[in-house]
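J.: For the sequence shown, this note's numbering assigns the number 1 to the initial residue and increments by one for each residue that follows.
Hints are supplied without guarantee of correctness; some may be wrong.
[Claimed, not checked] Capping the alpha-carbon separation at 16 angstroms, the derived lysine to aspartate or glutamate pairs in EDC-like fashion look like this:
| hint | residue 1 | residue 2 |
| --- | --- | --- |
| 1 | Lys180 | Glu191 |
| 2 | Lys180 | Glu145 |
| 3 | Lys142 | Asp95 |
[Unchecked claim] Okay, the calculated beta carbon distance ranges per label pair:
| hint | residue 1 | residue 2 | range |
| --- | --- | --- | --- |
| 4 | Ala185 | Lys28 | 37 to 43 angstroms |
| 5 | Asp95 | Glu62 | 23 to 29 angstroms |
| 6 | Ser131 | Tyr39 | 41 to 47 angstroms |
| 7 | Ala185 | Ile133 | 24 to 30 angstroms |
Hints in this document: simulated from the structure, not taken from any laboratory.
Fair warning: this is a prediction, and the values are worked out from it, not measured in the lab.
Here a beta-carbon is modelled for each residue, glycine too, at the ideal position from N, C-alpha and C.
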Amino acid sequence: MMEKVINLLRNNNINIPRLLLTKYKQLKLTEIELIVLIYILNEDDLCYNPKKISEEVNIKIEDVLEIVNNLISKDILTLEVIKKNNQHNEYLNIDNLYKKLAFFIMSEGEKREEKTNLFDIFEKEFGRTLSPIEYELINAWKDDEKYSEELIVLALKEAVFNGVTNLRYIDRILFEWKKKGIKNAADVEKERINYKGKKGEKKEIFNYDWLNDNDE
């Protein structure tokens, strides 16, 4: 899959300059390094010519040399000596950049798929489409509160088991679990066993009275 994405980048099937504009800070590039890199990407001939880059980008040749060296040290570019027509010339190789951009694309695709799957589970259990606010809250559980997808689904199933299908109720469950240090299915089962041992067989798992929560 990685090789397929890299080939798409090489063949210009993905808008690389636009992708770079959104990711250059994650690549730890400065703005001037970004400009030079985009210039290089738009060149058909990657023969390294600092003088030409200097003239066309309108920066000092000393700066070009420094920028290219920085891009090499950041593992964005490599320089290769290639013999053509009995002459040895330096050529810029941008394969490392393709690999880094491909990694970003694949990682974001996996995150979108993960979130889509989680939303699908909620909509299936609720029997309806989620509202935009509900989408935001589920995202906040993952991104801000750092709840695992496993824990969120467990809280969802606990709410459905108790006959409640609203996110405020599930948010309370997650909050109580966080206070108790519950992070996964094993922790939930352990708490269930402990509670039953203290209180006997009851529908509720925790001291919080979920069914009488009138907050909407």
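J.: Look at each hint and say if it fits the structure.
T.: Verification of the supplied hints:
About 9 angstroms separates the Cα atoms of Lys180 and Glu191, which keeps this hinted pair within 16 angstroms; it holds. Our distance criterion of 16 angstroms between C-alpha atoms is met by Lys180 and Glu145, whose separation comes to about 15 angstroms. Using a Cα cut-off of 16 angstroms, the hinted pair Lys142 and Asp95 is violated, with the two alpha carbons roughly 34 angstroms apart. Distance hint for Ala185 and Lys28: a CB-CB separation of about 39 angstroms, consistent with the stated range 37 to 43 angstroms.
Look at Asp95 against Glu62: about 27 angstroms separates their beta carbons, and that is inside 23 to 29 angstroms. Look at Ser131 against Tyr39: about 46 angstroms separates their beta carbons, and that is inside 41 to 47 angstroms. Roughly 28 angstroms separates the CB atoms of Ala185 and Ile133, a value that falls within the hinted 24 to 30 angstroms.
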